[in-house]
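Protein chains in written order, with the UniProt record's numbering: chain A, 1 to 175; chain B, 1 to 532.
For the record, the hints were derived by calculation from the structure and aren't laboratory data. This one's a predicted model, so the numbers in the text were calculated from it and none came from an experiment. It is possible that some hints are incorrect.
As the list claims (entries may be wrong) - Quick list of in silico lysine-lysine cross-link-like pairs, BS3-like style, CA-CA up to 27 Å:
id, chain 1, residue 1, chain 2, residue 2
1, A, K112, B, K66
2, B, K295, B, K209
3, A, K33, B, K66
4, A, K150, B, K66
5, B, K226, B, K239
6, B, K180, B, K156
7, B, K209, B, K292
8, B, K438, B, K529
9, B, K295, B, K251
Said to hold, decoys possible - Derived list of chain B stretches under chain A, where covered just means 3 residues or more per stretch with a C-beta under 8 Å from a C-beta of chain A:
id, stretch
10, 55-61
11, 223-232
12, 437-448
From the three backbone atoms N, C-alpha and C, an ideal C-beta is built for every residue, glycine too.
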Amino acid sequence: MKRRMSNLASRVPNVNKQGHVPINPNSQWVNNKGAWFSHIIYIVFLKYLFGIIPWVSRETSWTLTNWTYNISQYIMFHAIIGTPFEVEQGIYDGLTMWEQIDHGAQFTPTKKFLTVLPIFLFLLSTHYTNYDIFTFWINLIGLLIILVAKLPLMHRVRLFGINVVEGDDEVEDEH
Amino acid sequence: MDPLATTPPTASTWAWAWTQFTQTVALIPGSKIVGRYIRNSYQNDPFRIVLEVCLLLFVVWYLLEKRYRIDHHEIPLSKQEVDELIEDWKPEPLVPALSEWEREQMEETPVLVSEQGPRPRVEGVSQPVLNLVSYNFLGLAGVNDLKEHAVHTLRKYGVGACGPPGFYGTLDVHKDLEKKLAEFIGSEEAIIYSQGLTTTLSVIPCFAKRGDILICDEAINFSVQKSIQISRSQIRYFKHNDMNDLERILKEIEQEDQATKRVVTRRFIVVEGLYVNTGDIVPLPDLIALKKRYKYRLILDESYSFGVLGSQGRGVTEHFQIPADEVDLLIGSMCNSLASSGGFCAGGRELMEHQRLSGLGYVFSASLPAILAVYAIDGLDILASDQGKTVIRNVRDVSLQMYQGLQALVNTGALTVTGGNNQSPIIHIRFDRAWAQKTLPLPSDAQFPANPRRPLPHAIRVELEKLLQSVVRETLTHHVLLGRAKYVVDQERSVPDPSIRICVTAAHSKEEVQEAAQVTCEAFRKVLKPYL
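Chain B extracted, bound-state conformation:
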């Protein structure tokens, strides 16, 4: 039919338009079939047709919608606002200018001009100094026999392992070291990591994930703080070494469980064996009782206690005569007592195997150089022998000696000394807050926090640090190298009060330590003379 031959509209324009439309549609090939189909499908059921049309409209709407993300709330900024923001923006310097106090600290950083050891030479000092700042507790750094063996290893294996453990990085000495560590500690298996500080950063996030619960001691060291942070788990802190507070939190969580009937996730208690920030030891027997009663797993960071506590240096477990397998994950460092490098984790076989595939530090970091692994093995051999017992007894004796030597400071009422008397070779000398508040001329705008557990304000902190630095300066003139404990202040959860941290080692004789204690006391007396 020719559309042009139709008659002009007679009844109404609508009818004409409809005829035009149907006739035009009829021209499309196959339109008759569609038309018949639509007439057929109507079936005298308008409701169904409406539903179908709705569905089709939904399809059209859905297909035309633009992609967007629900959880992103982007702010539409006008061009003017963008320009304003750009104009306002002043680039921060890549290296911020140092404050006067920061510059002083930089200038006073001691620079060793001899090899590391108990009596190194420091730039600007004529005689060798007594090193009381290194974690070389057993005095294993720079021992001649070990050094010779290390050089021999270097000739055999070369410098680095050149690959992650799972990717051509594993050497026979690594397996030996793992075996020796497991045997020495008394655990089923051990795994070594190539970097001490980051061992916890790998181990803890390997087991604790989003939705899990970690309960952690307040005074825990920086490395563990960061590891529990990147684990993305829920974190609760309990007061330092306060088992009652820990039990309070455990009960709270138990009540929450009962109230919400939630699925029980992985739960860990995270503590340090010997707290490097305070110099005291975790009450392990009570902790294990609590962990068992409330069904938690225990992660124990023995970075500083390994090789120091216990009669043979097996750490805090031996100190309390508790078998090592009571601790689920025992993390240690070979950087401190063993004077090597790297860290390790010891525990059940399944837990270690899991880390070989999921511990990011193990999977992606190049493994420990052979020379350091061998140095650690030699150190372990010494620890496991009778010589080890003697060495550890020496550490304890000199720690106690140092502690007793420093009692003169405690008697002034101005300072507190922690560590030393509890077999800890890490000793902190801190200002007594009450005394400092009363006596020292501190900036008037800064207030001491009412809660003794809260960190000090920056201004007060700097003043106290300056006093301690004068003590350090003073002792260095008497050939005793002391050091202040330093923290990344804005990264710490609750930065401890400024302190002088003394680390005594087995390589120091009693006489030397006694003299050093005397020198320290004298220096404090001299610096604090106007206030005492």
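In isolation and in its complexed conformation, chain A is listed as follows:
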């Protein structure tokens, strides 16, 4: 009986590590409803901007909107790492904004919103461009890049040496 308990107890994770969540001012604001709404405003603004340029066809303006939004998302959530604030001796250094949102939890409302939004933008633009097959593929590539980066299986995974920071792992003191 005694033995069983110690066996079970050893499998229970460190409560401290689980319970204590430091506030990260860098990613906290992304959860605000206003921040969600600003994405929509940004998309509308982009479409308007590209739409009023003369000699730009409807297909091109949608494609430009799509790509500009996707690139913006990529830069903001997947390209810039770390936080300008001091949190827990640099616990978020080397992590992208996406990995910092909600302290690394998956499928949170903000993450759901930010994943679904570019998909809807893509579908919308496909349908507004008279199903032009060329722009469809161009936009799909842009969409897939940021969708893959958002998948849970890509959490803290680095491909092609992007965002790699050396010496980030804690080394146990060899006693």
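Go by the hints and put chain B onto chain A.
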């Protein structure tokens, strides 16, 4: 069209079902537009439609998934298992029962019944005793002039500063003290902290973060051990005062850099000026040469060397005639030599300014009470004057006197004495491990570790401590107050061997120290008589 008026199925049930479905859907307002839209969007391109449907399915899946954390591996326990665990659990007592040896130690703790100083009165002893346990190296504790000034300060400023330095806690005396410290040490600027032991705990994590590298001496004191631990940096230890071992580690890291082509992070070498655990001095010139060659920054803890080493008491930098700005972060304590309280850090202006916003101890702790700041200023004034030189010469003389007086112990072969002859007023008397292993009746199940740098097992430790405690008891009957060095054993990285730690001060005369050394030798002889 009325759906009820349709004819019953004729061709097949499927066709009938489809008609029913389309007719029902047609009832929903706007469904015609949607239907037309879907027919339109098909565009004879099934592949594209499949992709779009896949994307929509992905959206549905993503929206329906439950929130979870990747890095948390929770174990699902059944109700039965939970019950078992709860049943098994026996609460530990809030205060664990003391072992016999722990109780003895508690009972023998000396209690002062007079004010702190070089010759206090101890409960149960008729005469004043010679205090050889306090870090009051310069004998500044309880000096009448300083005391009067302190009382005057108390009347002017009150008791506490009542706030952190950045939040109404800064007084003029704090700025004076910072200025005086910087001037005295010869650094650009200095910053004061309100607690001596926690100064390193604030300074080191302020600069060293996750991913940075700290290289630290093995014999470093407890406070620094904890500070480098909470900095979350990578830590490497080198053998105590062994510059070859340090260089080996520096080379290793250099090779790792070249192999991994990693981004160079902040890197520090952390040492103590005068090691309180061993009583020896860091070889600073060699260290600075290494630090420059391998491009590291140096953090020097001068908690015990400040006010003791160097002709004017500027610490280990003056001891080796090295300008203080060669050391990047010089951390000191005002609790020891200056007989006040609090700590300080001295160095470049930017480094100090950074701490005023990011040093947790500076930002969040209430600042040093004015009375203690003024006491420290007065102590600094004494140090900086000619009187300071005399005082420090006295400390050195009595340290050497004590060291020489204890040579009789070294000659027995049973004990080692470190410190004293190297200008250190901290002297440790330890059992020689080889001698103890051979001669002392120690518990047979405990083994001496093969590596002399490894800590002793608990059972042996307790036996040696008991012997040392008998020596302490014996000297107290001759009015000499000695003390064993005590450690938080399970928190130390590598706890040093048990020792009697003697701290001589300038307030002791040569004759007194000579007598104390004699008393100590006698006591050791008496206690170790059966084994010598």
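| request: Quickly compare the C-alpha distance for K438 of chain B and K529 of chain B to 27 Å and report which way the hint goes. | output: At roughly 15 Å apart (the allowed maximum being 27 Å), K529 of chain B and K438 of chain B satisfy the hint.
| field | Distance restraint between K112 of chain A and K66 of chain B, which requires alpha-carbon spacing of 27 Å or less | value | holds, 11 Å
| query | Is the Cα-Cα distance between K180 of chain B and K156 of chain B 27 Å or less? | reply | holds, 21 Å
| Holds or violated: K295 of chain B to K209 of chain B, with C-alpha atoms at most 27 Å apart | holds, 18 Å
| Is the straight-line distance between the alpha-carbon of K295 of chain B and that of K251 of chain B 27 Å or less? | Status holds; Cα separation ~12 Å.
| said: Given the hinted pair K226 of chain B and K239 of chain B, is their Cα-Cα distance within 27 Å? | reply: Since the Cα atoms of K226 of chain B and K239 of chain B sit roughly 18 Å apart, the hinted pair holds (cutoff 27 Å).
| Does the stretch 437-448 of chain B contain three or more residues whose Cβ lies closer than 8 Å to a Cβ of chain A? | Coverage by chain A is violated for the stretch 437-448 of chain B (0 residues, Cβ < 8 Å).
| said: So if I understand the rule, the pair passes when the alpha-carbon distance is 27 Å or less; does K33 of chain A with K66 of chain B pass? | reply: holds, 20 Å
| field | 8 Å C-beta criterion, at least three residues: is the stretch 55-61 of chain B covered by chain A | value | With 4 residues close enough to chain A, the hint holds.
| query | CA of K209 of chain B to CA of K292 of chain B, is that 27 Å or under? | reply | holds, 21 Å
| query | Are three or more residues of the stretch 223-232 of chain B within 8 Å, CB to CB, of chain A? | reply | holds (count 3)
| For the pair supplied as a hint, K150 of chain A and K66 of chain B, is the alpha-carbon distance within the 27 Å limit? | This hinted pair holds, its Cα atoms lying about 16 Å apart.
In summary, the one numbered hint that this structure violates is 12.
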